[in-house]
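Given next are the chains, with one letter for each unit.
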Amino acid sequence: SQQGEEDPQALSIQEGENATMNCSYKTSINNLQWYRQNSGRGLVHLILIRSNEREKHSGRLRVTLDTSKKSSSLLITASRAADTASYFCATGDDYKLSFGAGTTVTVRA
Amino acid sequence: DTGVSQNPRHKITKRGQNVTFRCDPISEHNRLYWYRQTLGQGPEFLTYFQNEAQLEKSRLLSDRFSAERPKGSFSTLEIQRTEQGDSAMYLCASSSPGQGFTGELFFGEGSRLTVL
Chain A
1 SQQGEEDPQA LSIQEGENAT MNCSYKTSIN NLQWYRQNSG RGLVHLILIR
51 SNEREKHSGR LRVTLDTSKK SSSLLITASR AADTASYFCA TGDDYKLSFG
101 AGTTVTVRA
Chain B
1001 DTGVSQNPRH KITKRGQNVT FRCDPISEHN RLYWYRQTLG QGPEFLTYFQ
1051 NEAQLEKSRL LSDRFSAERP KGSFSTLEIQ RTEQGDSAMY LCASSSPGQG
1101 FTGELFFGEG SRLTVL
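Residue numbers (this note's numbering), protein chains in the order written: chain A, 1 to 109; chain B, 1001 to 1116.
Only chain A is shown next, with the shape it has when bound in the complex:
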């Protein structure tokens, strides 16, 4: 079974717009990670946020974490065509991650 669930399942936006996706999880965590996967490729780590952090930034990415609601959000600002991909949140201990089903983002030119 998968620990996290992303919402929405799919998202289509215009280039330059922001994209926001959410992740809800079930059990307490030490950290939460976000990964990106281009079609037919492997996953690429984007950002990790620890349970004692509420917000973290990396370039055009902003991640928030609300442990009281067991939820996280990923914001991609000023989206580009290259941001078209599936985005997954992942939780777990240091060797066994549980991934959600992902949010598929399509950025239209």
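Hints are all accurate, no fakes.
Each pair of labels, with its calculated beta carbon distance range:
1. B:1053 x A:9: 30 to 40 Å
2. A:78 x B:1053: 38 to 48 Å
3. A:15 x B:1068: 38 to 48 Å
4. A:66 x B:1097: 22 to 32 Å
5. A:69 x B:1080: 37 to 47 Å
6. B:1039 x A:80: 24 to 34 Å
7. A:15 x B:1020: 41 to 51 Å
8. A:12 x B:1039: 17 to 27 Å
9. B:1070 x A:8: 41 to 51 Å
10. A:44 x B:1056: 23 to 33 Å
11. A:81 x B:1041: 17 to 27 Å
12. B:1051 x A:78: 40 to 50 Å
13. B:1083 x A:38: 27 to 37 Å
Selected chain B positions facing chain A (Cβ under 10 Å, derived; list incomplete):
14. 1031
15. 1033
16. 1043
It is worth saying that the hints were derived from the structure and are not from the lab.
Ideal placement from N, C-alpha and C gives every residue a C-beta, glycine not left out.
With chain A's structure known, arrange chain B on it following the hints.
Same frame as chain A, but now just chain B:
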């Protein structure tokens, strides 16, 4: 740093045949993981090695599946008597714990299996 390498990238086989996938992790990484991903889903954990020791196996890894990492470097994942339900992307990842450990996994491009 050449990244995690997986071979073959694609494999089409008939039901009942055996297949083997190989993963070469990032050279300084002592941890290696196998995940399986079906269409429209996120990756699911299969197994984990620290050096040559296989420390955990998921219940998803039936008796037909075997993974090895004989010298603590590359790993192989063998599926015997393949079934159509084995069709999936098999992803390998590696990581290195220690100072500055972030929990980040470095994934290969995956090996896509299609069982006819």
